[in-house]
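Number of protein chains: 2
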Amino acid sequence: MTRRIGLAACQMGPVQSGTSRAEVVGRLIAMLERAAAGGAALAVFPELAFSTFFPRSEIADETLLDSFYEDGFPNVETAPLLYAARRLNIGFAIGFAELIRDGGEARRFNSMALVDRSGTLRGLYRKIHVPGSEAPEPGVTVHLERRYFAPGDLGFPVFDLDGVRVGLALCNDRRWPETYRMLCLNGAEVVLIGYNTPLYLDEAPALAHLRMFHNHLPMQAGAYQNTLWVAAAAKAGLEDGQALIGGSCIIAPSGEMAALAISLQDEVIVHCADLDLIAACRRVNFDFARYRRPDQYRRIAEA
Amino acid sequence: MTRRIGLAACQMGPVQSGTSRAEVVGRLIAMLERAAAGGAALAVFPELAFSTFFPRSEIADETLLDSFYEDGFPNVETAPLLYAARRLNIGFAIGFAELIRDGGEARRFNSMALVDRSGTLRGLYRKIHVPGSEAPEPGVTVHLERRYFAPGDLGFPVFDLDGVRVGLALCNDRRWPETYRMLCLNGAEVVLIGYNTPLYLDEAPALAHLRMFHNHLPMQAGAYQNTLWVAAAAKAGLEDGQALIGGSCIIAPSGEMAALAISLQDEVIVHCADLDLIAACRRVNFDFARYRRPDQYRRIAEA
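Top line first, the protein sequences correspond to chains A and B.
Okay, so the first sequence: first residue is 1 according to UniProt numbering, each after it adds one.
Okay, so the second sequence: first residue is 1 according to UniProt numbering, each after it adds one.
None of these hints come from the bench; they were simulated from the model.
Everything numeric in this text was worked out from a predicted model, so none of it was measured.
All C-beta atoms, glycine included, are put in the ideal place defined by N, C-alpha and C.
Treat the hints with care, as some may be off.
[To be verified] Facing chain B, a subset of chain A residues (Cβ under 10 Å, in silico):
1) Glu-77
2) Thr-78
3) Ser-133
4) Ala-135
5) Val-164
6) Arg-165
7) Ala-206
8) His-214
9) Pro-218
10) Arg-290
11) Glu-302
12) Ala-303
[To be verified] Residues on chain A that point at chain B, a partial pick, calculated with CB under 10 Å:
13) Arg-175
14) Met-182
15) Gly-241
16) Ala-243
17) Asp-295
[What the hints assert, rightly or not] Label-pair restraints from in silico Cβ distances:
18) A:Ala-243 / B:Ala-279: 22 to 28 Å
19) A:Glu-58 / B:Ala-289: 50 to 56 Å
20) B:Gly-187 / A:Thr-141: 26 to 32 Å
21) B:Thr-2 / A:Arg-107: 42 to 48 Å
22) B:Pro-138 / A:Arg-3: 23 to 29 Å
23) B:Thr-2 / A:Gly-103: 51 to 57 Å
24) B:Arg-21 / A:Ala-279: 39 to 45 Å
25) B:Glu-302 / A:Ala-243: 51 to 57 Å
26) A:Glu-203 / B:Arg-3: 55 to 61 Å
27) A:Asp-287 / B:Glu-62: 47 to 53 Å
28) A:Asp-202 / B:Gly-39: 31 to 37 Å
So here's chain A without its partners, still in its complex pose (with noise of 0.2 Å):
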């Protein structure tokens, strides 16, 4: 029998600042909703989806800064969106603000949350690749996800969904071909990503009219080069008076574009994803075991 899941794409509109966490919360369970009514047994938002993209501005007020981090996941905010998917019977991968305060000290990640379909947080992810930097550069869009967010801690791992194999990814990650041969490696069958990505870069205006090609690229060539399910959403609009792309997309493990978002506003594509056309295209040129040369690779994680 194949062996298949719904994957949905919960693509978001902008989410501009002062929204409250219920309001956006309430857009996140139409979504799930929606992804549930058609077909799906698995979901991805974007990264840091309950906020605006808040690493676009300097923002020198701890309690401001505060409010845009989740302390504790789920929390009494966002613990509706875990009652849903349990009514829903459907899982969802999230991206978040993480704070931890361990005793006086203040640790922060830009996160991804992994719920099962009764409702249940069954892992994080946090970011491996944070962009940007720790102070405004000249002639550099504001970026500052690196004062942010410290570097993810906890590798790239794969969790076992009602017997899928599930890895996650956010935004800058899914540029780098070390994600999903992590990923693969670790046993992911499908990978879910969430992304913000400006239009406009003041340090790339030249390349402005390649960033959906850039978005996409990268993220298919991840797909065949390792025979994986990728599904990625993004928050799209203009936020904040900043134009984000959309493009979230279901790609197949042939790197073909099974579903594509067509608006920059919430918009929810949903893709029956055949799990063994994993098989069918690692047959092809990628049988690992036979045909990888890691003692040539060294290089490659070395510092």
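With chain A held as given, fit chain B onto it using these hints.
For chain B alone, coordinates are given in the frame of chain A:
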């Protein structure tokens, strides 16, 4: 001043069994002349350019098998190509079957030679990712590279040609992200690739319409993710009854297709490559020293 180099990809139509080296070398020299006339300083020819793609056949006769290999490179039959390079002031890379006789022991590699503008052999690459099998397998198109060639043992070398750092790769290597990453970390600015790719595979009839997509996707991703120039040359057309795809191309560090062959015959495409684009593209997402996480990639280099 902008650093530029004229790159040429010299696609070859088929080389049927029994074609003499003299005839093939004549075709290659004619293409080298067109490349030089078009402003190229560096050209790439296909994998196993001097003969038919013989791994598609089971060859029991040792003398016949040996006839496909170069016993030393350059040799009396291939040297005219190096003289032409010197005369035309153009360097080139070319794929060939390499036979080494160490005492009584024969060693065989699927290799690529790099020759500079003075017609001097500068170095060799030996294919790292050798595909296919050692014996025919049921239901699978015969592809005996693993019988006829040992796995490459020279790593991913990068050569300095008049101040431009050049890496080499062959056919199946181009599907593996590790190839580009290793060459990038070894300092390559330009990657020259030769390939022979059948359109139909018995083991994957449903993927035939994707063969060109699967040709370009990993090369464009490899160029983008490592901000390299890629020039790739196919052997194309109906060769000894097997249809080979063309699609020879020159790809910018942005992943954009800068030039693309439009035939299945001998065809030369040229692009004057701006090497400063490498730094411009790297600045956006791929400041490797700042953003790579090699400590997180260990499994990639572990057997």
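Quick rundown of the hints versus the structure:
no.	hint	result
1	Glu-77	32 Å, violated
2	Thr-78	28 Å, violated
3	Ser-133	9 Å, holds
4	Ala-135	14 Å, violated
5	Val-164	21 Å, violated
6	Arg-165	15 Å, violated
7	Ala-206	8 Å, holds
8	His-214	7 Å, holds
9	Pro-218	6 Å, holds
10	Arg-290	9 Å, holds
11	Glu-302	6 Å, holds
12	Ala-303	5 Å, holds
13	Arg-175	5 Å, holds
14	Met-182	6 Å, holds
15	Gly-241	21 Å, violated
16	Ala-243	17 Å, violated
17	Asp-295	7 Å, holds
18	A:Ala-243 / B:Ala-279: 22 to 28 Å	26 Å, holds
19	A:Glu-58 / B:Ala-289: 50 to 56 Å	25 Å, violated
20	B:Gly-187 / A:Thr-141: 26 to 32 Å	29 Å, holds
21	B:Thr-2 / A:Arg-107: 42 to 48 Å	46 Å, holds
22	B:Pro-138 / A:Arg-3: 23 to 29 Å	25 Å, holds
23	B:Thr-2 / A:Gly-103: 51 to 57 Å	55 Å, holds
24	B:Arg-21 / A:Ala-279: 39 to 45 Å	42 Å, holds
25	B:Glu-302 / A:Ala-243: 51 to 57 Å	42 Å, violated
26	A:Glu-203 / B:Arg-3: 55 to 61 Å	20 Å, violated
27	A:Asp-287 / B:Glu-62: 47 to 53 Å	29 Å, violated
28	A:Asp-202 / B:Gly-39: 31 to 37 Å	34 Å, holds
The earlier numbered hints that this structure contradicts are 1, 2, 4, 5, 6, 15, 16, 19, 25, 26, 27.
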